[in-house]
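S.K.: Here is how the chains run, residue by residue.
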Amino acid sequence: DTAVSQTPKYLVTQMGNDKSIKCEQNLGHDTMYWYKQDSKKFLKIMFSYNNKELIINETVPNRFSPKSPDKAHLNLHINSLELGDSAVYFCASSRDSSGEAFFGQGTRLTVV
Amino acid sequence: SQQGEEDPQALSIQEGENATMNCSYKTSINNLQWYRQNSGRGLVHLILIRSNEREKHSGRLRVTLDTSKKSSSLLITASRAADTASYFCATDSGGSNYKLTFGKGTLLTVNP
Numbered sequence: 006d007t008a009v010s011q012t013p014k015y016l017v018t019q020m021g022n023d024k025s026i027k028c029e030q031n032l033g034h035d036t037m038y039w040y041k042q043d044s045k046k047f048l049k050i051m052f053s054y055n056n057k058e059l060i061i062n063e064t065v066p067n068r069f070s071p072k073s074p075d076k077a078h079l080n081l082h083i084n085s086l087e088l089g090d091s092a093v094y095f096c097a098s099s100r101d102s103s104g105e106a107f108f109g110q111g112t113r114l115t116v117v
Numbered sequence: 449s450q451q452g453e454e455d456p457q458a459l460s461i462q463e464g465e466n467a468t469m470n471c472s473y474k475t476s477i478n479n480l481q482w483y484r485q486n487s488g489r490g491l492v493h494l495i496l497i498r499s500n501e502r503e504k505h506s507g508r509l510r511v512t513l514d515t516s517k518k519s520s521s522l523l524i525t526a527s528r529a530a531d532t533a534s535y536f537c538a539t540d541s542g543g544s545n546y547k548l549t550f551g552k553g554t555l556l557t558v559n560p
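Here the protein sequences line up with chains A and B, keeping their order.
Counting from 1 along the first sequence, just add 5 to a position and that's the residue number in this note's numbering.
Counting from 1 along the second sequence, just add 448 to a position and that's the residue number in this note's numbering.
Be aware that one or more of the hints could be misleading.
Stated by the list, open to error - Derived EDC-like pairs: lysine to aspartate or glutamate, alpha-carbon spacing no greater than 16 Å straight-line:
{"#": "1", "chain 1": "A", "residue 1": "76", "chain 2": "A", "residue 2": "43"}
{"#": "2", "chain 1": "A", "residue 1": "46", "chain 2": "B", "residue 2": "455"}
{"#": "3", "chain 1": "A", "residue 1": "57", "chain 2": "A", "residue 2": "101"}
{"#": "4", "chain 1": "A", "residue 1": "45", "chain 2": "B", "residue 2": "453"}
{"#": "5", "chain 1": "A", "residue 1": "46", "chain 2": "B", "residue 2": "453"}
{"#": "6", "chain 1": "A", "residue 1": "41", "chain 2": "A", "residue 2": "87"}
{"#": "7", "chain 1": "B", "residue 1": "517", "chain 2": "B", "residue 2": "453"}
{"#": "8", "chain 1": "B", "residue 1": "517", "chain 2": "B", "residue 2": "501"}
{"#": "9", "chain 1": "A", "residue 1": "14", "chain 2": "A", "residue 2": "29"}
{"#": "10", "chain 1": "B", "residue 1": "552", "chain 2": "A", "residue 2": "43"}
{"#": "11", "chain 1": "A", "residue 1": "49", "chain 2": "B", "residue 2": "453"}
{"#": "12", "chain 1": "A", "residue 1": "72", "chain 2": "A", "residue 2": "58"}
{"#": "13", "chain 1": "B", "residue 1": "518", "chain 2": "B", "residue 2": "503"}
{"#": "14", "chain 1": "A", "residue 1": "49", "chain 2": "A", "residue 2": "63"}
{"#": "15", "chain 1": "A", "residue 1": "41", "chain 2": "A", "residue 2": "63"}
{"#": "16", "chain 1": "A", "residue 1": "45", "chain 2": "B", "residue 2": "455"}
{"#": "17", "chain 1": "A", "residue 1": "72", "chain 2": "A", "residue 2": "43"}
{"#": "18", "chain 1": "B", "residue 1": "504", "chain 2": "B", "residue 2": "514"}
What the hints contain is simulated information worked out from the structure, not anything from laboratory work.
Quick caveat: nothing in here was measured; it's all calculated off a predicted structure.
Whole structure, please, built from the sequences with the hints as guidance.
M.R.: Next comes the structure, spelled out in structure tokens:
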């Protein structure tokens, strides 16, 4: 069983489109995250949720909207995609705010 | 602002040799963690060291932490070709700050 699974793995779409990435964890963790990894492999936090509540929104454009229907899921919806949104997006979860994080396999988003 | 900086950015060694990677950070931390990322994959947690610890071992991994210098090192002994990956340090500041701040990573290549 995959601990943190996200879909799709690859996403190629045109500028201006709206797309969603789904994430699910079966670890029973309370905290979930979205990270963005750019072309230089730099990882930056986008959002973190604890018990379905938004904790951190790290100056992410409003076009990005996370949704947590329950503690096991954290989806990411992106409106009006731009070329600069091309990156690898990672979902992760952890038991608490400072422990080991478990990452999904990533979603490689390419905006053309 | 970016918290961690790893050096070197890239390291190439022969199988059997030891690999040392360093990480520096800027502000006070609660924990420091090291992660591995194989090409095209998600991050895998390697080891966590708390701010009141100075050294930690796990198998062939040895991590040190010097809070006075705001730096950490990861030593991989008797390296194997399978250790080829990018290695990232990540810090958290504890409390209700639900995020890991990652460094830029070190790309380790272990040649057979």
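S.K.: If a hint holds in the structure, say so; if it doesn't, say that too.
M.R.: Hint by hint, here is what the structure shows:
Straight-line distance between C-alpha atoms of residue 76/A and residue 43/A comes to about 27 Å, which puts the hinted pair past the 16 Å bound. Taking the CA atoms of residue 46/A and residue 455/B, the gap is about 14 Å. The hint holds against a cut of 16 Å. Annotation: proposed proximity of residue 57/A to residue 101/A holds, straight-line Cα distance about 13 Å (limit 16 Å). For the hint linking residue 45/A to residue 453/B, the alpha-carbon distance of about 13 Å falls within 16 Å, and the restraint holds.
This hinted pair checks out: residue 46/A and residue 453/B have alpha carbons roughly 13 Å apart, not beyond 16 Å. Distance hint between residue 41/A and residue 87/A is fulfilled; the C-alpha atoms sit about 15 Å from each other, no more than 16 Å. Restraint check for residue 517/B and residue 453/B: the C-alpha separation of about 13 Å stays at or below 16 Å, so the hint holds. Between residue 517/B and residue 501/B the alpha-carbon distance is near 14 Å, which keeps this suggested pair within the 16 Å criterion.
Of the pairs offered as hints, the one joining residue 14/A and residue 29/A holds, with about 13 Å between alpha carbons and a cut-off of 16 Å not exceeded. With a C-alpha separation of about 11 Å, the suggested pair residue 552/B and residue 43/A falls inside the 16 Å cut-off, and the hint holds. Restraint check: the Cα-Cα separation between residue 49/A and residue 453/B comes to about 13 Å, which is no more than 16 Å; the hinted pair holds. Proximity of residue 72/A to residue 58/A is assessed by CA-CA distance (about 9 Å); at most 16 Å being required, the pair is judged to hold.
At most 16 Å may separate the alpha-carbon atoms for a hinted pair to count; residue 518/B and residue 503/B meet this at roughly 14 Å. For the hint linking residue 49/A to residue 63/A, the alpha-carbon distance of about 9 Å falls within 16 Å, and the restraint holds. Proximity of residue 41/A to residue 63/A is assessed by CA-CA distance (about 11 Å); at most 16 Å being required, the pair is judged to hold. The suggested pairing of residue 45/A with residue 455/B holds, with an alpha-carbon distance near 15 Å, which does not exceed 16 Å.
Between residue 72/A and residue 43/A, the direct Cα distance comes to roughly 22 Å. Violation of the 16 Å bound is thereby established for this hinted pair. Only pairs whose Cα atoms come within 16 Å are accepted, and residue 504/B paired with residue 514/B is accepted, the gap being roughly 12 Å.
In this structure, the earlier hints numbered 1, 17 are contradicted, and the remaining ones agree with it.
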